[in-house]
Amino acid sequence: MQEKSKSWLQFLLEVIVLVLLFTLVQYALSAGLVNQSYQITLTSMCINVILAVSLNLINGFTGQLSLGHAGFMAIGAYVSVIITNFMDLPFIAGILGGCLAAGIAGFVVGVPTLRLKGDYLAIATLAFGEIIRVVLQNIDYVNGPAGIMGITKLTTWPWLYWAAIFTILIIVNLMNSSYGRAIVSIREDEVASELMGINTTRYKVLAFVIGAMFAGLAGVLYAHYFYIIRPETFNFLKSFDMLVMVVLGGLGSTTGAIIAAVFITFLTLALQKYAAMRMVIYALTLIIVMIYRPQGLMGNKELSRKTFSGIWGGRK
Amino acid sequence: MISRRNKKLAFLLAMMLVLSIFAGCGGQAGEEEPGGETATIPVGINVELSGAVASYGSNARDGAVLAIEEINAAGGVLGKQLEGLQRDCKSIADEAMSVSAALVGENIVAQIGPLTSGNVAGSTPIMMENKIPLIAPAATAANVTVDEKTGETRGYIFRVCFIDPFQGTLMAQFAAENLEAKTAAIYGDTSSDYAKGLAAYFKETFTEMGGTIVAEEGFVKGDRDFNATLTKIKGSNPDFIYVPGYYEEVAPLIKQARELGITAPIGGGDGWDSPDMISVAGAEALNNTFFTNHYSSQDTDPKVVDFVEAFKAKYNKEPDSFAALGYDCVQLLVQAITEANSTDPQKITDALANIKDFQGVTGKMTIDEQHNPVKAGVIIEFKDGSQTVNTRIQP
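Chains A and B supply the protein sequences, listed in that same order. Counting from 1, one number per residue, gives the positions in the first sequence under this note's numbering. Counting from 1, one number per residue, gives the positions in the second sequence under this note's numbering.
In case anyone wonders, no lab produced these hints; they're calculated from the structure. All clues given are correct.
Below are the EDC-like pairs computed for lysine to aspartate or glutamate, each with C-alpha atoms no more than 16 Å apart in a straight line: (1) B/K149 to A/D88; (2) B/K182 to B/E204; (3) B/K131 to B/D344; (4) B/K314 to B/E69; (5) A/K273 to B/E83; (6) A/K117 to A/E190; (7) B/K196 to B/E216; (8) B/K364 to B/D301; (9) B/K356 to B/E339; (10) A/K273 to B/E106; (11) B/K312 to B/E69; (12) A/K153 to B/E129; (13) B/K356 to B/E369; (14) B/K196 to A/D140; (15) B/K80 to B/E70.
Covered by chain A, per the in silico footprint, the following chain B stretches (three or more residues, Cβ under 8 Å): (16) 39 to 53; (17) 137 to 148.
We put the CB at the ideal spot given by N, CA and C, even for glycine.
Using the sequences plus the hints, can you model the full thing?
Pasting the structure below:
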């Protein structure tokens, strides 16, 4: 009984911390304490967190190397802009439509390709991302290579913040469920988990579709903040950026993905002034991390309630 | 157990330390007084220094920096020195937006760049919101300065290059008047918006001027064999062939046309501007071919000669169109600051909108109400393997 009330208390505490953080930033924004440059960085940060956490589900937890995440992001972005700007429907319809479309695309791509392994899957997903880009370039309805310009700015701090929290919550809870255990078992040893009676294809597709939906969500938020979307924005380099975040944070660690996403966003901002040295410093940072922490910043560890109670309370 | 706990604690503390560094960055940026009297005039140079179009961006940057140095050496503007703040937008639209926001935080009076239309679009909302003018060196899409939905001009966005379709108009004028062509064939790249725009405006102007289009054909990016279509075009015997596209396809196309015995003059747009044209097509095949461009480093106009000399002395390379356009952006801005007699962004914007007969390296320009420059284009002719300026056409 006591244990139960304790966990409730902890839950309440977490909610309070989350809401407090949200209100704090919201207050700072409305009071004009945050300049435009940091507002944009904050936005990129939330979007990168969603992307990194969702790609980590596919690459880190399920162990399937996907290089097509930007493709799903593009689908989410384009579908939502069609819904909100061409059909004049509310933002929430755009969000749902964008996620759903990306999820469906994830299913369509996932079912045949997830039977492939390792390098082959990487190639297939990379190809998928490029196909999406080329197809978008050839659709006149969305202005082809020139892209859609003048998208209404609908992405605000509450949307960004709660979308990121929602993504993290869903994926953390998924990984703590029996589904999550099955997904991890596939990464550890696919043959063994199949022998244990796990329908590996089903779980792989499940993880892939969820990852794709959140990439779509990131695409929706991106499109409605950055004014213009072009097929070129979502090329394989974008997928590659996300992969860098996941590997830097540690494959299989949600905390790592979040930290890396925040870190890289700030690194990009800090290096803006050093135009010539930017790529060198960026690359050096990655190389140094990979030499000293080949498993990524967090390895496959998580910062959780347990970690904190381990520090403050000494209880395991 | 204790040591493990300490390890975790140490890690947490380290993370906090890292975060506090970023927090420190925040404080600095906020400290600057907006609109305060400064010793220099900060000008943002937000260009692509890395990524897909890094070569365009760095050339334009070189041109702009040269202009700033020349102006500062001559005593600056309104008694103050210009300060160019160079930033890299990585050839990505969202990064261009972020860079613009950071530059606005540094109290720039105007921004030069980015180069491509898409990246300028990324920067646009920030400039509009903060009411600071942006001068684009080479963004050629029509909707950069005009909102297509409402037809309204974007108040703070300017450019110094002519828009894509204008090149088609220019070449049609040149074909009809200078080459006295009565019939023309169009054989353009149908996989690029740029080439399609050129072809459409060429057709419109050419027919308006009394010419007839006898054949309309297309190729797509990556094509290498043009013989079948060229034979067909040869059969319709046009006085002029218009080939809007990029040099990768145009060079072999011209070579094959000459091999088939087509002697008619062939014309195109600035997508032809590459040393590869001569190495692939050959000097002889390129005789009697023309293309429209913003500027030519071979121009004998004294203003151009001076610019090319200064550029070569500083960078030890030939300035291309982007360098010239970047140079003109700064010169145009300086003229606007001088005319406004103020460094207030709003007054500079008003002055920019009313610029008349500004003499730049890329020609004399007047800013129209859509914030496009009305300026001459250069018709460049290939003569025995080198580019020569045939004529300047004022619209």
